[in-house]
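S.K.: Take a look at the letters that make up each chain.
Protein chains: 2
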Amino acid sequence: METRKVLLSEDEMPRQWYNILADIKMNPPLGPDGNPVGPEALAPVFPMNLIEQEVSTDRWIDIPEEVLSVYTIWRPSPLVRACSLERALETPAKIYYKNESLSPPGSHKPNTAVPQAYYNKAFGIERITTETGAGQWGSALAFACSQFGIECKIFMVRISYDQKPYRKSMMQAWGGKCIASPSTETKAGRDILEKYPDTPGSLGISISEAIEAAVSDESGKTRYSLGSVLNHVMLHQTIIGLEAKKQFKKIGEYPDIIIGCAGGGSNFSGMAFPFVYDKINGKEIEIYPVEPVACPTMTRAPFVYDYGDTAAYTPLLPMYSLGHSFVPPPVHAGGLRYHGMAPTISQLITEGILEPKAVTQLAAFEAGVTVTRTEGIIPAPETNHALAIVIEEANKAKETGEEKVIFFNMSGHGLIDLVSYDKYFSGDLRNYDLSDEELIEAEKVFENYPKPQLLKSR
Amino acid sequence: METRKVLLSEDEMPRQWYNILADIKMNPPLGPDGNPVGPEALAPVFPMNLIEQEVSTDRWIDIPEEVLSVYTIWRPSPLVRACSLERALETPAKIYYKNESLSPPGSHKPNTAVPQAYYNKAFGIERITTETGAGQWGSALAFACSQFGIECKIFMVRISYDQKPYRKSMMQAWGGKCIASPSTETKAGRDILEKYPDTPGSLGISISEAIEAAVSDESGKTRYSLGSVLNHVMLHQTIIGLEAKKQFKKIGEYPDIIIGCAGGGSNFSGMAFPFVYDKINGKEIEIYPVEPVACPTMTRAPFVYDYGDTAAYTPLLPMYSLGHSFVPPPVHAGGLRYHGMAPTISQLITEGILEPKAVTQLAAFEAGVTVTRTEGIIPAPETNHALAIVIEEANKAKETGEEKVIFFNMSGHGLIDLVSYDKYFSGDLRNYDLSDEELIEAEKVFENYPKPQLLKSR
Numbered sequence: 465m466e467t468r469k470v471l472l473s474e475d476e477m478p479r480q481w482y483n484i485l486a487d488i489k490m491n492p493p494l495g496p497d498g499n500p501v502g503p504e505a506l507a508p509v510f511p512m513n514l515i516e517q518e519v520s521t522d523r524w525i526d527i528p529e530e531v532l533s534v535y536t537i538w539r540p541s542p543l544v545r546a547c548s549l550e551r552a553l554e555t556p557a558k559i560y561y562k563n564e565s566l567s568p569p570g571s572h573k574p575n576t577a578v579p580q581a582y583y584n585k586a587f588g589i590e591r592i593t594t595e596t597g598a599g600q601w602g603s604a605l606a607f608a609c610s611q612f613g614i615e616c617k618i619f620m621v622r623i624s625y626d627q628k629p630y631r632k633s634m635m636q637a638w639g640g641k642c643i644a645s646p647s648t649e650t651k652a653g654r655d656i657l658e659k660y661p662d663t664p665g666s667l668g669i670s671i672s673e674a675i676e677a678a679v680s681d682e683s684g685k686t687r688y689s690l691g692s693v694l695n696h697v698m699l700h701q702t703i704i705g706l707e708a709k710k711q712f713k714k715i716g717e718y719p720d721i722i723i724g725c726a727g728g729g730s731n732f733s734g735m736a737f738p739f740v741y742d743k744i745n746g747k748e749i750e751i752y753p754v755e756p757v758a759c760p761t762m763t764r765a766p767f768v769y770d771y772g773d774t775a776a777y778t779p780l781l782p783m784y785s786l787g788h789s790f791v792p793p794p795v796h797a798g799g800l801r802y803h804g805m806a807p808t809i810s811q812l813i814t815e816g817i818l819e820p821k822a823v824t825q826l827a828a829f830e831a832g833v834t835v836t837r838t839e840g841i842i843p844a845p846e847t848n849h850a851l852a853i854v855i856e857e858a859n860k861a862k863e864t865g866e867e868k869v870i871f872f873n874m875s876g877h878g879l880i881d882l883v884s885y886d887k888y889f890s891g892d893l894r895n896y897d898l899s900d901e902e903l904i905e906a907e908k909v910f911e912n913y914p915k916p917q918l919l920k921s922r
Numbered sequence: 465m466e467t468r469k470v471l472l473s474e475d476e477m478p479r480q481w482y483n484i485l486a487d488i489k490m491n492p493p494l495g496p497d498g499n500p501v502g503p504e505a506l507a508p509v510f511p512m513n514l515i516e517q518e519v520s521t522d523r524w525i526d527i528p529e530e531v532l533s534v535y536t537i538w539r540p541s542p543l544v545r546a547c548s549l550e551r552a553l554e555t556p557a558k559i560y561y562k563n564e565s566l567s568p569p570g571s572h573k574p575n576t577a578v579p580q581a582y583y584n585k586a587f588g589i590e591r592i593t594t595e596t597g598a599g600q601w602g603s604a605l606a607f608a609c610s611q612f613g614i615e616c617k618i619f620m621v622r623i624s625y626d627q628k629p630y631r632k633s634m635m636q637a638w639g640g641k642c643i644a645s646p647s648t649e650t651k652a653g654r655d656i657l658e659k660y661p662d663t664p665g666s667l668g669i670s671i672s673e674a675i676e677a678a679v680s681d682e683s684g685k686t687r688y689s690l691g692s693v694l695n696h697v698m699l700h701q702t703i704i705g706l707e708a709k710k711q712f713k714k715i716g717e718y719p720d721i722i723i724g725c726a727g728g729g730s731n732f733s734g735m736a737f738p739f740v741y742d743k744i745n746g747k748e749i750e751i752y753p754v755e756p757v758a759c760p761t762m763t764r765a766p767f768v769y770d771y772g773d774t775a776a777y778t779p780l781l782p783m784y785s786l787g788h789s790f791v792p793p794p795v796h797a798g799g800l801r802y803h804g805m806a807p808t809i810s811q812l813i814t815e816g817i818l819e820p821k822a823v824t825q826l827a828a829f830e831a832g833v834t835v836t837r838t839e840g841i842i843p844a845p846e847t848n849h850a851l852a853i854v855i856e857e858a859n860k861a862k863e864t865g866e867e868k869v870i871f872f873n874m875s876g877h878g879l880i881d882l883v884s885y886d887k888y889f890s891g892d893l894r895n896y897d898l899s900d901e902e903l904i905e906a907e908k909v910f911e912n913y914p915k916p917q918l919l920k921s922r
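Residue numbers (the numbering used here), protein chains in the order written: chain U, 465 to 922; chain Y, 465 to 922.
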């Protein structure tokens, strides 16, 4: 019998998250005046205990008991040897993955939704607002809020709200309130609806509505929550990589190549940062964040200061950006359609520690189907992007005969995204390419902003 | 930190299934002439190695290595302490469940789909046909066939095919071919379509088509597969209860009450039969199979000989039956809408070893939402029926102050059935009650068939 899974008991689950801010230098976020933004400026939006995590440079941060207790609903997640995939590819490479699709909402997102709900509750907050595009984040936050008895209101991009009714149903099952955005509940929403009554909505609009709904609650008991990009989100996700390190140690292995898809960057960071720590300290590892060719933030955009949202409500963040008003083509990986990239990941790319790759939509789905019919799991469209590079690297190893250890993150399952698989099989999916002119036009938005410094952490 | 899960390593997975036919007396299946049917009569429908399992009275049957290897994709499944549910109910009862929702298709069905695909492959079969109603079984068989490189053709009841497109997509993702039934591919299908071009289809029609498609393939390389009712299906599912026994032993517990939903009976048997063995040998346990009030096979129908399918293609089986032409009301638990019940379960009910219960649709969903918002998992509508009795028993324990150990099976998740939750929340779900007259009318179909004997196993 083949052994596939390396398990950890609940007792072996890590008790601290790893904070990469202890080990890299970062450009500070800036206000509209070009000066660094202090923590207090964020107080109307986030609870202070999360803001403290956002700016902390402590290397290790304790995971609260209450968060660990909820984590045990699905954690520790197994480290899986993809032996069926290896066999199908006839590769000498050993392929391992963390299976983050086993959480109730089906992705890695609850790793940060749960502590965010906990810290809000601990700070006395009674209601959290957020936005969601494809719905993975909104459903994860609804799940997390149900665990701590907090209300959850989710502004969902209207076109997704209409096209993905199951996501809305999931949020409702956990007691969350999901609203099509733009809505009439906020000034931002009403303004847009007045101008464009038939707008399909956008993530930018939804963020504006969610922030407005939070800061305009006069009781002071409402805050906003974000599922990616920010430092504290990356911090919470490191539970993935920290578990994986323990699991690799159990079997006496260590990855040569680490691969994850990256939209805002949360699942990638969570898996990779604990290994980045080793790379910073001299270990030889190749680490690849993977994005769609249709939204080439890391592979074709510059490292700049830009806003995290379309409405320019956030501070200016130092990151790779296609421009905050860029609207990516409609690829079926909603989680990867983001104009920017987490500042921490961006910093590591500037230093050459991470080497980004880009994959076309059709190559991603081809890889996803190969994995479905070998490993048995139907991966999320986002995850498929990582899989295309995994298979590419496994094929390289076959050519060279090297027994490379490849490690990737199965960031989520695709059961709620099966429509995109249908389209792939019926030939209705296509690739999108972007001209240099399109990108230059989109990037004009930040040409007069301050420029980040090129820092060297080591 | 709360400990929730009792894990087994892959090495600890049971190496044999438990066959209850070693421990109970059964009436034989009969042919249309009223005489017992021999194994050879089934040879055109099933491969001989599975027929041998169907009639075996060996207590323990080895699980092939190849099946164990595929089981490790999701097995062993965790035994979970439902501590959040216990707390919400303020019960002194300890509630445990096997989480069978973690398989790639999201239910317990692969426990038998995988060995069935394996044995067909070992017998030289290249193509398997089956029917599916709600789609859990069809998707599990497509998954299993993809693991062994066998073609899979699924006749899906037309109304479900139209209403549940995600299920069809799942089968396709695993390479299965899903066809709306009745179809023009079989004589049975064409005959029905000629008479009733707009028919929504039925499980009975789909079974007829699937059997015909198997036996009419002149190459002899096609067989039919059934996902419930038969002895070998119950056998394969016992991996659930056998794992659970090991897990309870690890924590020094043993269940006082065992609860599972039962349509054809496969998830219930799988969980319960290894414990039934103990009960037969003197252990005091209450064991409750739970069905919908709208399809009261065990609680209101007689123990008779009847056909397993509407078209009367199967042998006459000794079981509780509402009549093989009975069409249950459209409750949102497709897996529980079956007119009969597995002969093994039926036999154990006649002997008083199992005590069936019935639950209304609304009570089932109320319980499902309670579990969703405590344990975090959104259960399948079928599973919700078991949960209603779990909560009832936990509340009884609260009244009496007894620390009962309650064990149930989380037979599947409800992510593909979220429409039914939407209807529950919007008030569009209702209960169905059946009059005595309706049942008497339906049961006329078997009044002239032979009658089974009342046997006593102990």
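Derived by calculation from the structure, the hints in this document are not laboratory data. Accuracy of the hints is not assured; some may be wrong.
[Unchecked claim] Derived contacts from chain U toward chain Y, CB cut-off under 10 angstroms, selection only:
#1 D475
#2 G498
#3 W524
#4 I525
#5 E529
#6 S533
#7 P629
#8 Q636
#9 F767
#10 E839
#11 I841
These numbers were taken from a predicted model, which means no experiment stands behind them. Where a beta carbon is used, it is the ideal one built from N, C-alpha and C, also for glycine.
S.K.: For each hint given before, does the structure comply? Return the numbers of the non-compliant ones in rising order.
M.R.: Going through the list in order, the structure violates hints 2, 3, 4, 9 and respects the others.
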